[in-house]
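Novice: Each chain, written out:
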Amino acid sequence: MSGILEARNLEFSYRRGQSVLHDVSFSVKPGSSVGLVGESGAGKTTLLRILLGLAVPTSGQVLSHGTPFDARDGRQLRDWRRMTQTVFQDPYSSLDPRQTVGRIIAEPLRSLGITRDRTELRLRAARALHSVGLPADIVGRYPHEFSGGQRQRIAIARAIAPGPRVLLADEPVSALDVTTRIKVIDLLAELARGSDDVAQMTVVLVSHDLGVVAALCDRVVILEHGRIVEQGEAASVLGNPQHAYTQRLLASVPRLPAPGDASAYAAQP
Amino acid sequence: MTRTAGLIVRDLTITRNDGGTLVGPLSFELESGGRLGIIGESGSGKSLTAMAIIGLLADGLGAAGSIELDGQQVVGASDRVMNGVRGRDVAVVFQEPLTALDPLMKIGNQLAEPLRRRALADGQRLSRTSVAALVRERLTEVSLAEPDRIARAFPHEISGGQRQRAALAIAIAGRPRLLIADEPTTALDVTVQSEILDLLDRLVDDHGMSLLFVSHDLAVVARIAPRVVVLEHGKAVETGQLSDLLARPQHPYTRELVDSARELDRALDTVLGGSAR
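Just so you know, the sequences run in chain order A and B. The number in this note's numbering is simply the position in the first sequence, starting from 1, with 128 added. The number in this note's numbering is simply the position in the second sequence, starting from 1, with 548 added.
Just so you know, the hints here were simulated from the structure itself, not pulled from any lab data. Glycine included, C-beta positions come from ideal geometry on N, C-alpha and C. Hints may be right or wrong, so weigh each one.
[As the list claims (entries may be wrong)] Just so you have them, the derived chain A footprint on chain B, three or more residues with Cβ under 8 Å:
1) 728–740
2) 767–773
3) 794–805
Here chain A stands alone, though its shape is the one from the complex (with noise of 0.2 Å):
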């Protein structure tokens, strides 16, 4: 199987031993969107940063239509990072406050060698905020001057200002207000499709929230103390459960009681 983004039996640990991923295995094909799912001390954070090239992984191997990632590699990592952008969880630590929103897009289009060129940049930078819903005559304000959806929105659009084929976001909605939230969610899912804007891009999410990947992702890989437990069609996974960590992680979200359904609430004291 040739994926634009897969991993192949990752393993990680600390030098003391630690391991923190075991035997990881999973590849992303072109154009769909994967929710990487599992809570705290799963391996979540330590995948990303491998499938980011900010970490090398124990042994294993991260490839992209089936050529192997040197992450020590320069010349790799900056092919890379043009192909593989990010948007974080918090907006508001994620936007440097001292440079401008224009400033704060083109800098992936600099450092990456993309263009130098000002009305280049300028024009990227529009074209990147005007896919993410923002107009483009905020470049000149700074990221304090915005709410957290805003912000949101600005550090996607420095994402996919490079171009890139993957977007790899890191529980990306959940320092978000919930009405905010969909909105974020609706766009992500835009850039998932693509349209005459944007270039369609593979989605690779990162979430501990099964409402979220739900919404977005068609693919998941459920992941428990740095195993996969079970991966597969979202649909196929989270309707028909084999394994009882996603089982149990299925009957923890918390539901909304279906209209009609007095039984679903608290009881009345």
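Once you have looked at the hints, place chain B on chain A.
Specialist: Chain B alone, transformed into the frame defined by chain A:
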């Protein structure tokens, strides 16, 4: 004056010293032994309201209006009065147990303090062995499997779920009549959240405590509080039974909140094939 049991908030306003109004005017009631959810998003003033009730507003903030706790006026009460009220009449569990607990003190000692205080208030001086026994009993009560190990541990040495259980044991050590839970499960994993909600449910029932549950999450509140106040920008936009609110939201903001929550819930239903209900 007769002491009315429960919590009565009347025309509460919370203002910054420079004049900006953050909350209010806000009015609601919570009868003794009842449960009430306060729902709102960031900046709605839900945590500020909780802090005002326990008399712990940050410097630079002031409360006006009336907060009656079992007949005791909290607004404007002296620290001396409030020290008697906190722990005995009202206690609070916060979102992040790591910051709520003292990092330099063993869990057992943190729990022993309010236990001794409560005993003193009842005219009792506890011996060292009876404190230890009580600590053990209270840690067991919050379903901590190894109470002796937890008692000897520092907060960083135990898991997030264990920390929140310990924080809960400390909060209810003085057997308060009102427990305020401010997003108590938001920082926790979903499986742990579920356990803590069950625990909270049981403890509140067992001790006949009133519960004020502050949260942004409608689905979480639905599990624990039948009646809610919806806050937006410091004002109550809707109050009532949560079932009515979900079925027939009256205010546009409530409607938006319910619709957003429903959308994620429906997404789950779709992948689950509706079989899980």
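Novice: Honestly, which of those hints from before does the structure not fit?
Specialist: Those not satisfied: there are none.
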